[in-house]
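2 protein chains.
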Amino acid sequence: MTRSVGRIFSGFRCFGSLPFGNPPLKTQCSSVLFRTTSERTLMHALPKIFGRKPRDFSLPNSSWGKEMMQLYNHYNRLSKETTEGQEDHGEQWTRLPSYNRTLKYATGGVYLSKIIQSKARLFTRNIRDPGASFEYVIFFRQDKLKCACIFQAGHLLEGAPGHVHGGAIATMIDTITGTHASLLSAPVMTANLNINYRSPIPLGSTVLIESILDKEDGRKRYISCRVTSTDGSKLHTEATGLFLSISVSHLLKR
Amino acid sequence: MTRSVGRIFSGFRCFGSLPFGNPPLKTQCSSVLFRTTSERTLMHALPKIFGRKPRDFSLPNSSWGKEMMQLYNHYNRLSKETTEGQEDHGEQWTRLPSYNRTLKYATGGVYLSKIIQSKARLFTRNIRDPGASFEYVIFFRQDKLKCACIFQAGHLLEGAPGHVHGGAIATMIDTITGTHASLLSAPVMTANLNINYRSPIPLGSTVLIESILDKEDGRKRYISCRVTSTDGSKLHTEATGLFLSISVSHLLKR
Numbered sequence: 001m002t003r004s005v006g007r008i009f010s011g012f013r014c015f016g017s018l019p020f021g022n023p024p025l026k027t028q029c030s031s032v033l034f035r036t037t038s039e040r041t042l043m044h045a046l047p048k049i050f051g052r053k054p055r056d057f058s059l060p061n062s063s064w065g066k067e068m069m070q071l072y073n074h075y076n077r078l079s080k081e082t083t084e085g086q087e088d089h090g091e092q093w094t095r096l097p098s099y100n101r102t103l104k105y106a107t108g109g110v111y112l113s114k115i116i117q118s119k120a121r122l123f124t125r126n127i128r129d130p131g132a133s134f135e136y137v138i139f140f141r142q143d144k145l146k147c148a149c150i151f152q153a154g155h156l157l158e159g160a161p162g163h164v165h166g167g168a169i170a171t172m173i174d175t176i177t178g179t180h181a182s183l184l185s186a187p188v189m190t191a192n193l194n195i196n197y198r199s200p201i202p203l204g205s206t207v208l209i210e211s212i213l214d215k216e217d218g219r220k221r222y223i224s225c226r227v228t229s230t231d232g233s234k235l236h237t238e239a240t241g242l243f244l245s246i247s248v249s250h251l252l253k254r
Numbered sequence: 001m002t003r004s005v006g007r008i009f010s011g012f013r014c015f016g017s018l019p020f021g022n023p024p025l026k027t028q029c030s031s032v033l034f035r036t037t038s039e040r041t042l043m044h045a046l047p048k049i050f051g052r053k054p055r056d057f058s059l060p061n062s063s064w065g066k067e068m069m070q071l072y073n074h075y076n077r078l079s080k081e082t083t084e085g086q087e088d089h090g091e092q093w094t095r096l097p098s099y100n101r102t103l104k105y106a107t108g109g110v111y112l113s114k115i116i117q118s119k120a121r122l123f124t125r126n127i128r129d130p131g132a133s134f135e136y137v138i139f140f141r142q143d144k145l146k147c148a149c150i151f152q153a154g155h156l157l158e159g160a161p162g163h164v165h166g167g168a169i170a171t172m173i174d175t176i177t178g179t180h181a182s183l184l185s186a187p188v189m190t191a192n193l194n195i196n197y198r199s200p201i202p203l204g205s206t207v208l209i210e211s212i213l214d215k216e217d218g219r220k221r222y223i224s225c226r227v228t229s230t231d232g233s234k235l236h237t238e239a240t241g242l243f244l245s246i247s248v249s250h251l252l253k254r
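Each protein sequence line maps, in turn, to chains A and B. The first sequence stops at residue 254 when you use full-length UniProt numbering, and every number in between is there. The second sequence stops at residue 254 when you use full-length UniProt numbering, and every number in between is there.
Please keep in mind that the hints were generated in silico from the structure rather than gathered at the bench. Among these hints, one or two may not hold up.
According to the in silico footprint, chain A covers these stretches of chain B (three or more CB under 8 Å from chain A) [stated by the list, open to error]:
1. 70 to 76
2. 126 to 137
3. 188 to 198
As the structure is a computational prediction, the values presented were derived from the model and not from experiment. All C-beta atoms in this analysis are idealised placements derived from N, C-alpha and C, irrespective of residue type, glycine included.
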């Protein structure tokens, strides 16, 4: 059941298809690209890889509404960068940068035409028009091993009239839980997502997505998350994710 | 726990948020828009609603590759329209049209600004560039109550380098299983999606997504589906979906 293997990209925590012996261990890596616990480390490494500094989509733009900005400012005030040399607030959050492209030579172990390779973009960042689709920023709190994501849903994410598509919500859940799992130790691959939709999310609104680590069992990471209104009073979606950490030696078995 | 209610659109089978008493019955409607068992009925109704005939994204375009076209031609030959007046092949498939917009007055029961309303587009059809994101067509076989979807994944759906994002796969699964559930009886809302990722899907490739009805229990519809290579030899993803059928009287309770 050996599959082709994604090439290894130093400093990044996500890989393509991987070889697994048993079906439950075969997984789909989603959007765990460019994940690191240290934004500054990554930002130092990126120019060497890309040639020039790419746009960081996790920074505020003119489309961000009042709720998005309020929550962003809240977590940013508690971030490592802001609190350095200042009073310790007891919370240590780190904002994670977010880009829209993978490396040009990234083939994930499969043959892709040059055209597809050069045009490929991360699914959640494939529309450059600010505010049109996924506007989000993820913060990570290392001491509590939890993530918080602020997500503003644009008008191009419609499912039911006036509401966010269930697939767009699943995409954000995969992004947050996968990022969370990859931050804990090693590169990961998504094995399972179990999503319960409780109440729809109106198009254009901002929600909070929080994830926690439920359990670690060998290579397995069990992450759960909740999508709520920004004040936490209304539950929109609940989900669990199972991720498998991948060792470098595993990746080298082709 | 009453929620706002999506307005009712005659001839369509998907609605916005709905009121339910118990959390497990609160759901997220996704992409079950414009679903009908009769394309011709819908196509007659659409011009009156839209003013002019909208683009049907389920028809072939120049980006469709060889595998996509071969499977499309296979199912199209077995479709109702093609077989009328011809020999009965024993299979009766119906191609389902697919559009990128909801009605302008569709608010889903929630307040949306005029700007968001006018710009809103169905998530899976929000990029007009042929071949860039989701290229798919769904066929329905009423006598066996099953669906078959041919899906070609564009370069803007990337997750792991060279592979389709797990969220994009979840989006297609939600689309197919939700469509299937809505075709069986009444409008539906997605309550749960449980997705097992078995092996990654290379970017640019074409896959087959087949869904079957597992069980009906009152208002509940249990649909399962498999994402495989076009010849069925390789399993990429398995999933189950739980959907709740919604009665018109239910919709009117605001």
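Numbers of the earlier hints that this structure fails to satisfy, in rising order: 1
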